[in-house]
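Number of protein chains: 2
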Amino acid sequence: MLDPVQLLSDYVRFPSVSADPAFREGLAGARQFACGVLEKIGFKVEVIPTGLHPIILAERGGDHAWPHVIIYGHYDVQPPDPLDKWTTPAFDPVIRGRRLYGRGTADNKGPQAVQFGALARVFEENPNLPLRVTFLIEGEEEIGSPSFGDFLKKHRERLREANFVLLSDTGSPNPEQIVITTGLRGLTGLEINLTGPRTDLHSGIHGGALLNPIQALCELCASLHAPDGRVNIPGFYDDVREPAQWERDELAKYPRTLEDYKQFLGVSQFYTAPGYTALEAVRFGPTLDFNGIGGGYQGEGSKTVIPSKAFAKITMRLVPDQKAEVIRELLEKTLRHRCPPGIKMEFSLKEGGSPYAVVPPGHPNTPADQSPVLARAFQSADAAITECFGRKPLYLREGGSVPIIGQIKQQTGLDSLMIGLFTPEDNLHAPDESFSLDILERGVNTYAKLLKGLAAG
Amino acid sequence: MLDPVQLLSDYVRFPSVSADPAFREGLAGARQFACGVLEKIGFKVEVIPTGLHPIILAERGGDHAWPHVIIYGHYDVQPPDPLDKWTTPAFDPVIRGRRLYGRGTADNKGPQAVQFGALARVFEENPNLPLRVTFLIEGEEEIGSPSFGDFLKKHRERLREANFVLLSDTGSPNPEQIVITTGLRGLTGLEINLTGPRTDLHSGIHGGALLNPIQALCELCASLHAPDGRVNIPGFYDDVREPAQWERDELAKYPRTLEDYKQFLGVSQFYTAPGYTALEAVRFGPTLDFNGIGGGYQGEGSKTVIPSKAFAKITMRLVPDQKAEVIRELLEKTLRHRCPPGIKMEFSLKEGGSPYAVVPPGHPNTPADQSPVLARAFQSADAAITECFGRKPLYLREGGSVPIIGQIKQQTGLDSLMIGLFTPEDNLHAPDESFSLDILERGVNTYAKLLKGLAAG
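Those protein sequences? They're chains A and B, same order as listed.
273 is the number of the first residue of the first sequence in our numbering; add one for each residue after it.
273 is the number of the first residue of the second sequence in our numbering; add one for each residue after it.
Same shape as in the complex, but just chain A:
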């Protein structure tokens, strides 16, 4: 019998940081470890090379009439920096209270330990369970999944045979209230680079003769929002789908007040586009944000220069049915149109992905042609969560982006069932990352029940 706590602890010990070439061995170790576990459970394991870190593709086949689920996860983790902020070393997992501490415990090795534990138990109890499972574990999620698109294109026919995707790479508010994530915002953007004079100039000798590229940049950036807070790009809202009433109703049950949220952010007031509360805006509304800006002299004190160059990094979070490529082109076109004469403008583009949303069964806007296997999976998940966590899940879209989910939908047509197993306490991407052992235990029970409920019978 596989012990999920021990398994997770062993898995976390491999420092599988995808962003840093120094951790190549740690990535290989984590990959081999996951392959070993899957083989032990009974999977046929392949390791698919990519340009960077290989993808694990593991299958438990069976009758083609059986339900077929793809389970997605990633074996890579965020860098552990700043190291001195960790109470105990990042790759030396320890239990304190009812939590296991270490980089990757929550994102995403803990949820995989849940999945491995549940599958081991289910197939041990019933080796002939009528269920096909394909595991897909990538090693580049934390650096934006650069190889995943090519992988999808190459393997789409094979993946398309499945009925849906199951994953736990999203969040819930606390260990009592689980969220089934019904949508993710898309992401696109660009870096804008402006050049004014050929070199930095003395602002006394030349000030007044030419347009300062920082001024041009500020005027361009300022033009991208209307006074009411809406994004001021013609056509930006054309494809925005309003949230359904049931979605607003679900959000109203979310255990956080606007006052709590304001305090958490540390702002004296919200700033949202019209028609959304702050809690709605971050899930249902699109945005345009400036992630960085720079130009000229940034050191201590003063240097009276007119800089030659200035730049800004812009990203937009998109909601259904906005398309990443369309919106990025609108932004580019708008900026080119508004760029003042005398300034040279260049763009470097950012990877991104379109938004994603799925409507669970039983809602007014559930698609009539929804896959019956997906519908059964949602019902089975709802029942399992309600039983194992003691409370019915909430169905909510999330503000963040997992671009591969939209890519999978686009390439294979498959929808995703996303069960949120992180909580804010887990410190994802930060020092002292941890995973709740209660969620680990309840998660294994939930996944086991869900998989059994899903199996053909």
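Be aware that one or more of the hints could be misleading.
Copies of the same chain look alike in the list, so a pair counts if it works inside one copy or between any two.
Listed next, the in silico DMTMM-like pairs over lysine to aspartate or glutamate satisfying Cα-Cα at most 25 Å (straight line) [claimed, not checked]:
#1 Lys581 x Glu463
#2 Lys595 x Asp511
#3 Lys605 x Asp500
#4 Lys581 x Glu601
If you are wondering where the hints come from, they were derived from the structure by calculation, not from laboratory data.
Model the placement of chain B on the given structure of chain A, informed by the hints.
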């Protein structure tokens, strides 16, 4: 007989970089060298301590009825970085062609060698020349003269006895065409620091709920210019004095075309406030420029963060009769008024100074009460330059700022006669700084003639 070329070469050998504490010895060496030269010429030399680098105050007294000139200069120099861009070492002066190369050769040790050489000759020829001279050589000019204001306050009664100030710390277009600088722009500004959320936030999870401080900064900065290029701060232009017709006429003789200037800047078109050509705007018009901006993620690639903070560095070049303190308060008041709710705004203030202008004798707008000694000095300078350089000087305001000139006027009432001895070829503040030996020679002749013409009798 003092050899100005040898003197300059010896003076430049002391690395008197005021910005860097590592050069303390070089500053002391240059200071002692200058004191030694002045004593040899016959000056009574005092070294006045300041908070940082002492000021040299040297006097050649005489009858109180004699004309009394203060000659200003500075013994400190800019840092020599980047060192690898120098053809020969910065503090190892060498002659190539008709130029002496080394840090400080032009700014400001060359002009001082001119002054020392001329004074030595004049007093050697006529030990009883009826002329009082006070030398004022500071060691903090390249770091904004932080001790000069206090020095002025302490010594104002003594300095006030003089008739005017004479200096060469401004520029001319080439060694044939000397400019007498009739005005300098003032300088003031501030750094604006904005804080939005208490910490950097994930732009997916929280984007849409709050105002991004980079957005707030861009909107504030964009509000500071009107579409026609004028500065959009109420009251900013109230005290701007239009240039006199004779000033525009002088500028029309300046040996540079607008086309040349555009090519020099490397811009496809100018951007000036209405009513000025580009060449006029940099001398006669006030400006507001962004010297630096920063916030959020500035590294390679993308980081989808809503930053907690953003800042911009703003300076304004002022023209007569704008007052530095008044304009800085207008800017502050405007920014506070326009700052959106939910954003915390803080300022750190920059030192600065008010603009300065003097009208030479013989113009429609020459003050009726102009000092006859100053008038004689201008006439004497005009004749000396015309004879020694072969061409009449141009009388022009300059776009840069020498804040101490305005301070001297404010504290002592004294005007300044500024003879431009730099040329663009000199590479001020840059590698391979040099000074023309032709200007050095003609400069000594000019100063000697000017001082003799100025003397009573």
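Structure-based check of all given hints:
no.	hint	result
1	Lys581 x Glu463	both (13 Å within a copy, 19 Å between copies)
2	Lys595 x Asp511	within (8 Å within a copy, 53 Å between copies)
3	Lys605 x Asp500	both (22 Å within a copy, 24 Å between copies)
4	Lys581 x Glu601	within (23 Å within a copy, 29 Å between copies)
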